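Whenever a hint applies, use it, and build me the whole structure from the sequences.
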Amino acid sequence: MDITPRYWNQSIPPMPLGSMHKKSKEIIFPPVAKDSPLDIDYVDQELNPNGTLYSFTVIHPSKKLGIQPYAIGFVNLPDFPVRIFGRLVQSGSPAIGDKYLMKPDTEFGHIFEKISQ
Amino acid sequence: MNKNMIYIEGVAMTRFDKQPNTLAPELAQSAILNAVKDANLTLNDIEAIYCANVFGGMILGQLIVRDLQLQGIPIYNIENACASGATAVHLAKHALLAEQYKTILVVGIEQLTQLGGGTIPLQLNDHKTRIYANSGLVLPSIYAMRATRYLYERDEDPSLLAQVAVKNRFNGSLNPYAQQRTPTTIEEVLSSRMIAEPLTLMQCCPSQVDGAAALILSTEHNNGRKPVKLLASIVQSGMQEKYSDDILDAEITARAARLAYEQAGIGPNDIDVIELHDAFTIAELIYYEALGIAKPGEGPELLRSGKTGLSGKIPVNPSGGLLAKGHPLGATGVAQMVELTWQLEGRAMERQVNKPKIALAQCTGGGIAGVDHAASSVHILGI
Chain X
37 MDITPRYWNQ
47 SIPPMPLGSM
57 HKKSKEIIFP
67 PVAKDSPLDI
77 DYVDQELNPN
87 GTLYSFTVIH
97 PSKKLGIQPY
107 AIGFVNLPDF
117 PVRIFGRLVQ
127 SGSPAIGDKY
137 LMKPDTEFGH
147 IFEKISQ
Chain Z
114 MNKNMIYIEG
124 VAMTRFDKQP
134 NTLAPELAQS
144 AILNAVKDAN
154 LTLNDIEAIY
164 CANVFGGMIL
174 GQLIVRDLQL
184 QGIPIYNIEN
194 ACASGATAVH
204 LAKHALLAEQ
214 YKTILVVGIE
224 QLTQLGGGTI
234 PLQLNDHKTR
244 IYANSGLVLP
254 SIYAMRATRY
264 LYERDEDPSL
274 LAQVAVKNRF
284 NGSLNPYAQQ
294 RTPTTIEEVL
304 SSRMIAEPLT
314 LMQCCPSQVD
324 GAAALILSTE
334 HNNGRKPVKL
344 LASIVQSGMQ
354 EKYSDDILDA
364 EITARAARLA
374 YEQAGIGPND
384 IDVIELHDAF
394 TIAELIYYEA
404 LGIAKPGEGP
414 ELLRSGKTGL
424 SGKIPVNPSG
434 GLLAKGHPLG
444 ATGVAQMVEL
454 TWQLEGRAME
464 RQVNKPKIAL
474 AQCTGGGIAG
484 VDHAASSVHI
494 LGI
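Going down the list, the protein sequences come from chains X and Z. For the first sequence, the numbering used here gives the first residue as 37, with consecutive numbering after it. For the second sequence, the numbering used here gives the first residue as 114, with consecutive numbering after it.
FYI, nobody ran anything at the bench for these hints, they're computed from the structure. Bear in mind that the values here come from a model prediction, so they are computed numbers and not experimental data. Among the clues, some could well be false.
Below 27 Å or equal to it, Euclidean Cα-Cα: the simulated DSS-like pairs (lysine-lysine) are [said to hold, decoys possible]:
(1) X:150 x Z:339
(2) X:139 x X:70
(3) Z:355 x X:70
(4) X:58 x Z:241
(5) Z:355 x X:61
(6) Z:355 x X:59
(7) X:139 x Z:420
(8) Z:150 x X:58
(9) X:135 x Z:241
(10) Z:150 x Z:215
(11) Z:241 x X:150
(12) Z:241 x X:70
(13) X:70 x X:59
(14) Z:150 x Z:355
(15) Z:150 x Z:342
(16) Z:215 x X:99
(17) X:70 x X:58
(18) X:135 x Z:355
(19) Z:468 x Z:420
(20) Z:355 x X:100
(21) X:61 x Z:241
(22) X:59 x Z:241
Right under this line is the structure:
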């Protein structure tokens, strides 16, 4: 049973969702689950998927696993401010300050794709 | 005796190493019996036992003591990830101050070789952690991202990180209880297998390690040595991360340290020796500033000055730290205080630092997304 919360809305293209605390206005990701006892303290917040890379690393799995190195990182989405972790997709190496677009992904739920500048 | 004073009467630990043919009870019993002997006590003097462990399964404490012929004294099993051992000491302190007991045994035990290798599993009973773990979040990657940001903001070279490993591996070479007992060089550290950039294998604490550590806490001092006192004991939990958080702040550690200094009535300048949670090299650098032994931005200068070396002004991780000893989770926090007690009592042999009077132990427990760390604990000991 997949109990992962749905955090993409139905628009085209889909926009990511978070939750905003009614009092503090802090935004969290992923959104609070609808059956959570905390849901009463939050409202849904559609996020702007454009962000800036805050930090990253490249994971080097053991060669025995046969998996290629992959980049992961924290991206700041400033418009409705929230920092989100995820896979990074780009040619070449990531760099702090690069611009990324958050997109749906069937394997990971979301990825961040570098925007060419 | 001051009824509000808590003494560390006896300490012991096993060697930290791969010990897959030894069961957890045997490891723990070795540490327990040696700690009791070190305190000049018998097992019958123990009134309660606090057992720290993360992955050993339910009622491990009771299993450990089942065959010790104790008379049904209370046994409490404590888990706070890597801060389990320190948390056990903290809770034991409460019970002693409340005069529930006079003498308590704290034991920390872990057998990571039983997990079969790989990174420590995260707590996945959580939407956020599960989503992030699915994308590749593991404990080394969290620290690696801190290291990336650190080198970027401070305009530093990865060789700075390697210097932490060189220092602690040298200290470990002098410690018969450490798993890694060979010194190393910056070149060797940087050329070891890349794990999560910029952290190479030798910048990560060994994850295939088993070990136990024990100490006796009491409101009475009778061991015939100069008394080692528990001057402060703090446990704090992580707060929900915000967008504006700086991942280099080590907020939970700075908070726990501030409270510990207040409780002990001292400041960072009064500390003579430290055992801190160097699970990865970047952690030690960040904690220099969080603990207040370096001003913000001056961690690299402190490391390069040599002041945190064995013969320096404020030795950090004279035991070799987690990088050299290894990190059997439940045992680590207790082992830090075992080392510091030895240091304060002048019993640390080849790695003895110069006549310390005040010591600080710091550890953090991680494993969930959305917080700096889940738990942090700081203890201050004095002689």
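Evaluated hints:
For the given pair, residue 150 of chain X sits about 62 Å from residue 339 of chain Z by alpha-carbon distance, which is inconsistent with the 27 Å threshold. Proposed proximity of residue 139 of chain X and residue 70 of chain X is supported: the alpha carbons are some 23 Å apart, at most 27 Å. Distance hint between residue 355 of chain Z and residue 70 of chain X is fulfilled; the C-alpha atoms sit about 22 Å from each other, no more than 27 Å. A distance of roughly 20 Å separates the Cα atoms of residue 58 of chain X and residue 241 of chain Z; the hinted pair therefore holds under the 27 Å criterion.
Between the alpha carbons of residue 355 of chain Z and residue 61 of chain X the distance comes to roughly 11 Å, so the proposed pair stays at or under 27 Å and holds. Simply put, residue 355 of chain Z and residue 59 of chain X have alpha-carbon atoms about 14 Å apart, close enough for the 27 Å limit, and the pair holds. Between residue 139 of chain X and residue 420 of chain Z the alpha-carbon distance is near 48 Å, which puts this suggested pair outside the 27 Å criterion. For a cut-off of 27 Å, the pair hint linking residue 150 of chain Z to residue 58 of chain X is broken: about 58 Å separates their Cα positions.
Between residue 135 of chain X and residue 241 of chain Z the alpha-carbon distance is near 23 Å, which keeps this suggested pair within the 27 Å criterion. This hinted pair checks out: residue 150 of chain Z and residue 215 of chain Z have alpha carbons roughly 17 Å apart, not beyond 27 Å. Straight-line distance between C-alpha atoms of residue 241 of chain Z and residue 150 of chain X comes to about 23 Å, which keeps the hinted pair within the 27 Å bound. Simply put, residue 241 of chain Z and residue 70 of chain X have alpha-carbon atoms about 14 Å apart, close enough for the 27 Å limit, and the pair holds.
Our distance criterion of 27 Å between C-alpha atoms is met by residue 70 of chain X and residue 59 of chain X, whose separation comes to about 18 Å. Of the pairs offered as hints, the one joining residue 150 of chain Z and residue 355 of chain Z is violated, with about 49 Å between alpha carbons and a cut-off of 27 Å exceeded. Our distance criterion of 27 Å between C-alpha atoms is met by residue 150 of chain Z and residue 342 of chain Z, whose separation comes to about 19 Å. Distance restraint check for residue 215 of chain Z and residue 99 of chain X: the Cα-Cα separation of roughly 54 Å exceeds the 27 Å cut-off, and the hinted pair is therefore not satisfied.
Distance restraint check for residue 70 of chain X and residue 58 of chain X: the Cα-Cα separation of roughly 15 Å lies within the 27 Å cut-off, and the hinted pair is therefore satisfied. As the CA atoms of residue 135 of chain X and residue 355 of chain Z are separated by approximately 20 Å, the hinted pair is consistent with the 27 Å bound. A C-alpha spacing of about 15 Å is found between residue 468 of chain Z and residue 420 of chain Z, which places the hinted pair at or below 27 Å, so the restraint holds. Restraint check for residue 355 of chain Z and residue 100 of chain X: not satisfied, since their Cα atoms lie roughly 38 Å apart, outside the 27 Å limit.
Using a Cα cut-off of 27 Å, the hinted pair residue 61 of chain X and residue 241 of chain Z holds, with the two alpha carbons roughly 19 Å apart. Our distance criterion of 27 Å between C-alpha atoms is met by residue 59 of chain X and residue 241 of chain Z, whose separation comes to about 21 Å.
The structure fails to meet hints 1, 7, 8, 14, 16 and 20 from the earlier list, while all remaining hints are met.
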